[in-house]
Amino acid sequence: MLRENGFGSGPTRDGSTDGSTINGDAPLTNGDPPIRIGVYVCHCGTNIARTVDVERVTEKAGELPGVAVARDYKYMCSDPGQELIKEDIEELGLNRIVVASCSPNLHEGTFRGATAAAGLNPFFFQMVNIREHASWVHEDRDLATEKAVDLVRAAVRRVHHHKALESRRVSIRPEALVVGGGIAGITAALTLAEAGKHVYLVEREASIGGHMAQFDKTFPTLDCAACILTPKMTQVKAHPNITLMTMTEVVKVDGFVGSYEVTVKHRPRYIDVSLCIGCQQCIDACVYKRGKFEDEFDVGLSKRKPIYLPNAQAVPQVVLIDPEQCIQFSSGKCKQTCVEACDRDAIFLDQEEQVETLDVGAIIMATGFQTFDPRRSPHYGYGIYPNVYTALEVERLVNASGPTGGEVVLRDGEKPTSVGIVHCVGSRNQKNNPWCSKVCCMYSLKLAHLIKEKTDAEVYNFYIDMRTPGKGFEEFYQRIAAEGAHLIRGKVASVYQHADGDGEMLVDVEDTLAGMVRRIPVDMLVLAVGLEPRADAEDVRRTFNITCSGDGWFMERHPKLAPVDTFTDGVYLAGCCQGPKDIPETVAQAGAAAGQTLALIDRGYIELEPNTAQVIAEDCSGCKTCIPLCPYQAILQSSRTSSRTRRSTRRSRGCWHMLEQAENAQQTSPEGFEPRIVALFCNWCTYMAADLAGTSRMRYAPNVRVVRVMCSGRIDTQFVMHAFARGADGVLIGGCHPGDCHYQEGNYKALRRFRLLRRVIESLGIEKERLRLEWISASEADRLRRVADEMAADIRALGPLQLSIPAEDFPSAEDAGAELPSPGIAEETAAKEAAVP
Amino acid sequence: MKKLAYYPGCSLIGTGRAYDESLRAVFEALGEPLEELDDWNCCGATSYMSIDKGKAYALASRNLALAEREEADLLTPCNACYLVLEKTRRHLADSAEMGHRVRRALDAVGLSYEGDVRIRHPLEVLTQDVGEERIKEAVKEPLKGLKVAPYYGCQIVRPYATFDDQYHPQTMDRLLKATGAKVVPYPFKTRCCGASQTGTLPEVGLHLVYRLLNEAKARGADVLAVTCPLCQFNLDAGSTTSNRSRSSTSHRSSGWRSESRPRSSASIAPW
Amino acid sequence: MTESEGKPKVAFYWCASCGGCEEAVVDLAEGILDVVGAVDIVMWPVAMDFKRADVEAMPDGSILASFINGAIRTTEQEEMASLLRRKSQLVIAFGACSQLGGIPGLANLFDREGIYQAAYLESPSTENPGGTLPRLRSRENGYELSLPGFYETVRSLGQVIDVDYAIPGCAPHPTVIQSAVATLLSGELPPKGTVLAPDQALCEECPRRESKPLDLSISEFKRPHEVLIDEETCLLAQGLVCLGPATRAGCGAACVCGNMPCSGCSGPTSRVLDHGGKAISGIASLIGADDEETIDAVLEGIPDPVGTFYRYGLPASLLRRKTLS
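Here the protein sequences come in this chain order: D, H and F.
Just so you know, we're using our numbering here: the first sequence kicks off at 1 and counts up by one.
Just so you know, we're using our numbering here: the second sequence kicks off at 1 and counts up by one.
Just so you know, we're using our numbering here: the third sequence kicks off at 1 and counts up by one.
Worth double-checking, as some hints may not be accurate.
Distance ranges between label pairs, derived from CB positions [what the hints assert, rightly or not]:
{"hint": "1", "chain 1": "F", "residue 1": "D230", "chain 2": "D", "residue 2": "I616", "range": "37 to 45 Å"}
{"hint": "2", "chain 1": "D", "residue 1": "R36", "chain 2": "F", "residue 2": "S217", "range": "45 to 53 Å"}
{"hint": "3", "chain 1": "D", "residue 1": "T46", "chain 2": "H", "residue 2": "G54", "range": "36 to 44 Å"}
{"hint": "4", "chain 1": "F", "residue 1": "L214", "chain 2": "H", "residue 2": "E32", "range": "51 to 59 Å"}
{"hint": "5", "chain 1": "D", "residue 1": "K415", "chain 2": "H", "residue 2": "D116", "range": "56 to 64 Å"}
Mimicking SDA-like on lysine to any residue, the simulated pairs with C-alpha atoms at most 25 Å apart in a straight line are [stated by the list, open to error]:
{"hint": "6", "chain 1": "H", "residue 1": "K147", "chain 2": "D", "residue 2": "E585"}
{"hint": "7", "chain 1": "H", "residue 1": "K147", "chain 2": "D", "residue 2": "R489"}
{"hint": "8", "chain 1": "D", "residue 1": "K431", "chain 2": "H", "residue 2": "P159"}
{"hint": "9", "chain 1": "H", "residue 1": "K147", "chain 2": "D", "residue 2": "D502"}
{"hint": "10", "chain 1": "H", "residue 1": "K144", "chain 2": "D", "residue 2": "K471"}
{"hint": "11", "chain 1": "D", "residue 1": "K491", "chain 2": "H", "residue 2": "C192"}
{"hint": "12", "chain 1": "F", "residue 1": "K222", "chain 2": "D", "residue 2": "A499"}
{"hint": "13", "chain 1": "H", "residue 1": "K177", "chain 2": "D", "residue 2": "R375"}
{"hint": "14", "chain 1": "D", "residue 1": "K163", "chain 2": "F", "residue 2": "C18"}
{"hint": "15", "chain 1": "F", "residue 1": "K222", "chain 2": "D", "residue 2": "C626"}
{"hint": "16", "chain 1": "H", "residue 1": "K87", "chain 2": "H", "residue 2": "V125"}
{"hint": "17", "chain 1": "H", "residue 1": "K182", "chain 2": "D", "residue 2": "C626"}
{"hint": "18", "chain 1": "D", "residue 1": "K491", "chain 2": "H", "residue 2": "K147"}
{"hint": "19", "chain 1": "H", "residue 1": "K2", "chain 2": "H", "residue 2": "E97"}
{"hint": "20", "chain 1": "D", "residue 1": "K768", "chain 2": "F", "residue 2": "C18"}
{"hint": "21", "chain 1": "H", "residue 1": "K217", "chain 2": "D", "residue 2": "D602"}
{"hint": "22", "chain 1": "D", "residue 1": "K768", "chain 2": "F", "residue 2": "R271"}
{"hint": "23", "chain 1": "D", "residue 1": "K491", "chain 2": "H", "residue 2": "P185"}
{"hint": "24", "chain 1": "D", "residue 1": "K491", "chain 2": "H", "residue 2": "T162"}
{"hint": "25", "chain 1": "D", "residue 1": "K471", "chain 2": "D", "residue 2": "I384"}
{"hint": "26", "chain 1": "H", "residue 1": "K147", "chain 2": "D", "residue 2": "A499"}
{"hint": "27", "chain 1": "F", "residue 1": "K322", "chain 2": "D", "residue 2": "R759"}
{"hint": "28", "chain 1": "D", "residue 1": "K768", "chain 2": "F", "residue 2": "G301"}
{"hint": "29", "chain 1": "F", "residue 1": "K322", "chain 2": "F", "residue 2": "C18"}
{"hint": "30", "chain 1": "D", "residue 1": "K237", "chain 2": "F", "residue 2": "I295"}
{"hint": "31", "chain 1": "H", "residue 1": "K147", "chain 2": "D", "residue 2": "S494"}
{"hint": "32", "chain 1": "D", "residue 1": "K560", "chain 2": "D", "residue 2": "D511"}
{"hint": "33", "chain 1": "H", "residue 1": "K217", "chain 2": "D", "residue 2": "I384"}
{"hint": "34", "chain 1": "D", "residue 1": "K431", "chain 2": "H", "residue 2": "Q166"}
{"hint": "35", "chain 1": "D", "residue 1": "K452", "chain 2": "D", "residue 2": "L410"}
{"hint": "36", "chain 1": "D", "residue 1": "K491", "chain 2": "H", "residue 2": "R158"}
{"hint": "37", "chain 1": "D", "residue 1": "K768", "chain 2": "H", "residue 2": "D116"}
If you're looking for bench data, these hints aren't it; they were derived computationally from the structure.
Here a beta-carbon is modelled for each residue, glycine too, at the ideal position from N, C-alpha and C.
Looking at chain D on its own, in the form it has when it is part of the complex (with noise of 0.2 Å):
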């Protein structure tokens, strides 16, 4: 029988007659010194003063219970501006802390460090984002500053709950993944290797290389890209620190940052990796005298037998077969003649799928792009019309161990005359993909270059603008040009084989820069395919818990400060996985995911945020409803307190105890209707999508006032009641979509509570409009004005929620005991009721 604090005087909307809140307003520092608050409200120069009024925010925080001092300044996060909060604990005994700024995305670890620096608690600190949230996306200052001044008053009245918490420290297991054998991953994982920490480089196909073993030369300088690649791929073979998995895929990915548990599925290869010395009598010895399948390395343009090299650079120097292919798997019948001409024995059919778990400390994604496919654009007749190409396939033309041996020759085996080269296939355009893929124009130039030199043809390149910042890159563009290469700027409108049916094909373009509507007669064409995320990339960011940008790319946690870390923890990237890249940048990023992977490991420990959830024994009944509730299994039962439940620290992570500030984000009463929406949105997407929409620069609707919580799963349905009964005319939850969730699953609990919740509240009369429930991902800023647009102008049109009954409605006992005239007691209240101003 503990803790009481009143019973049934349930909140009203003026907030007066209720002294009752949540866990008491009853002292809750029992013989603590009283709390003693700073507020500190940032002009961020004048990206915040410009729209908001920041000497009124900082007069009205003044007012606000526990607030010592409350001060503006030009800059909070400069080195003064911090200065400013240690001199005032220091002097003024303050022990807790608001900074109204910025995200706390951005400064909450600044502030954290002054406030400890100053001896307190780092986690008496409390951030307000009245900027990405604020300023930038509102343009009336009166309401910006009014909900600025909301959102500090929540904030202060959350420090008062706040409790000092201290960090945990987790070790760092000093192994690392990359996932991905192409130049990316081959760069992280010889630079990981070579500071001495064991790598697994994982790798999907049966050799590692990537896209740049299939080319010729690369671009400016044309050296050839096998020479520079080949010894770094046999360097990876050979290093003693690299276990190189070939045909091997990460499956599933459980842990967390420092001790990742990754379990990987080995696919047969029917020959043992470490018997094979790559003689290829086997290949000879093969049933099919000849190729009779599609090479892929070749991209079909040669054909190869069920039992082949992926490459002659191929590491491992190791066959495989194609069970699809080999007829003992479909038949069973086959003479099996490359096991006979084994002599080493390394030929085994009966191999099966084998799965391993890896224990790492760290991953580096280096999973690369895959090509446009050309048949989405038939207007450039890829795919009908047979000497149609797309560059990569020009790339196994050109290349000297390529199908043709280096010979650029049309299918029928004659060379060309002239030749187009169509830019931006794939890239560009709304209608596939916005993106420049920023390769394109550099290797359209190459291989102008190659064929020209090749075939002496004419090559007629048509571009929508020659994209060439780089080292090197204008002066390559300069040196094709004089080379007399035809450079004609305009989009290409049609191709079509001209109706004689000699194969030669006709390209209308618009010349741009002449004015005119050219027709091109070409023998052959190749489409400068873009680079476009790999059509899994979906299934592999779930797998690793990362996101994806909304145009499928992996993103990274920031896109100039933190360009090779995700938001996942001890997870980085390399490499087109991120965005199209050229050669260069994907070594230099492949090189920092590497560095930033070695600075993990090498601290050996990472501090882990302290506000995870736990169990206080003397009040837990043992109903064992959180267990199964647990995605990770970090509630134990515990059997010295029979069924009572404890923590395991080591896995729970951070639920945020966020009512106080569901209750405060909306009491200032403006003039007219305006409605308050209060908005509990996840700390991983929507709440980023929020600081994007400000750093967008977008504008929505003022009403919205954010709560960060750290997963829509921590929301309990109490949290939309109260702030229903306290105020509130609208509740906007926001979560990772479905299958995003940073919890793996708490957006799950969310859409039940809030099926259920929305039930409830529709039988009491409460519309639906005022409660919603949006999948916002970290991307989808215009999707979160819309809906807060949307959500504002739907409720602005019901009104303001008539919720509570205000004390004053009812007559009091005396009242209601004097004369009373003799019609009914409906009637005679109705017009007391109104009487009530």
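Following the hints, position chains H and F against chain D.
Quick look at chains H and F alone, frame taken from chain D:
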């Protein structure tokens, strides 16, 4: 399939009457007889829109409102009607201001439009909803041996590629194949037929007609199949005139490969 | 608390209630004799003949404790509650109706007009050809008659007067009453606002606790009449909506022992703001579905969510009632 309200538009009760009659017969034979939208009005065509957008959208949206009242989608065979109605539908959804104006106008005649009507083209309905298999089964006399150049015109694929590719549409090709015809490769399938230029600037319009017919002939087509009454009118009427005036038209741009010699043009059939 | 005139004076009163709370007092059996012996009962309408005027004549604060059951529906109930408040040192909300609004509180799903319509005009057993509705005052044969006013909204006792303690339950379990009375008589009073019952969830004392699975996931909700209920297994695990995890202990899990799920009459523990809200959070989270459609299909098994999760506490809940148009 959601109920379809047939919207013939003015052309199909005038110059495009054959199109109307064959379409009704085809749907009848497929067991889905067409029901004409009651009290439909002019779509406004493309010209009204260039004069007064508000009135043009109001005019067109009346048809949407009528269809919505019947809980039907609009089946619109004329390419121009298709484009105008689709454009209206999209604009009302995208522009709150225009939506408001138009709703007020509709309100004045006791109508309303919430945005629940799709604009369907017979090519879309026949290839997607009905399907080639059912059409193949329904064909009584296959068009065996007939070589057809499919001509889509511009308005059903541009600017909105709603049910087919913008540059390389395929639905008519598939439909024609289902009827047993041989489809010849026809790279000019979405190029301009000259539209009203044939009337205002005949030397320009007829040249465009000539190119289409000539290419079809060069590709060995016996007939051109069209889905637009205006295309049909131009190609049909122009098939004789364009030959005569061929000598008077000229190339404007250099770098063109000269087109092959003029031949007598192919005949035109509604698809 | 001073005890100037011999035995301490105690009052019992009932407002909008069913009488079950009075039964609960009588259910103390011989235990009641100890109570009666120890105190001087100055008001108890159901058992003794004291009038309002008797109480009004007493000095303010002269009653040690008033035990008031029932919710506040009418002006008369509010008057009596206020009167007893004035005369008493302690007021104890007795039972779910008084503490939380109780079953009568479900009337907050309707407005006064609707209730009048249903009760006086539309119910099949009503014979009211003149369509007469209650009036505050009316004249009959030259006499002026008066009726108490009928509020639009049912309130808990704590929403009307200052309340010191509450004894939960519908009706309070005899052991809860006994231990509460013992606490009050002990002279060592707990902090004001305390609910005089264990501050833990019902699972604490539930005989089926050990049978609750650690991987509970509910794919179908069932109502007690629809299934043959296993007598050993956790009821939630059988798909029955048992509010035990969100409800205060003290009753000895009486309903569960009777093979029925807990319906929540003892209200929440002190750490919960909204009883129904907490139960919704916990129970909805356990639904074994991830997509809207399937979740909704599962929720069809709870046809009356307000009646399920707010059966005893709608007036004292955060949302309190259905909005008035």
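Let me make sure I understand: some of the numbered hints might not hold for this structure. Which ones are they, in numerical order? 1, 6, 7, 10, 12, 14, 17, 18, 19, 20, 21, 22, 25, 30 and 32
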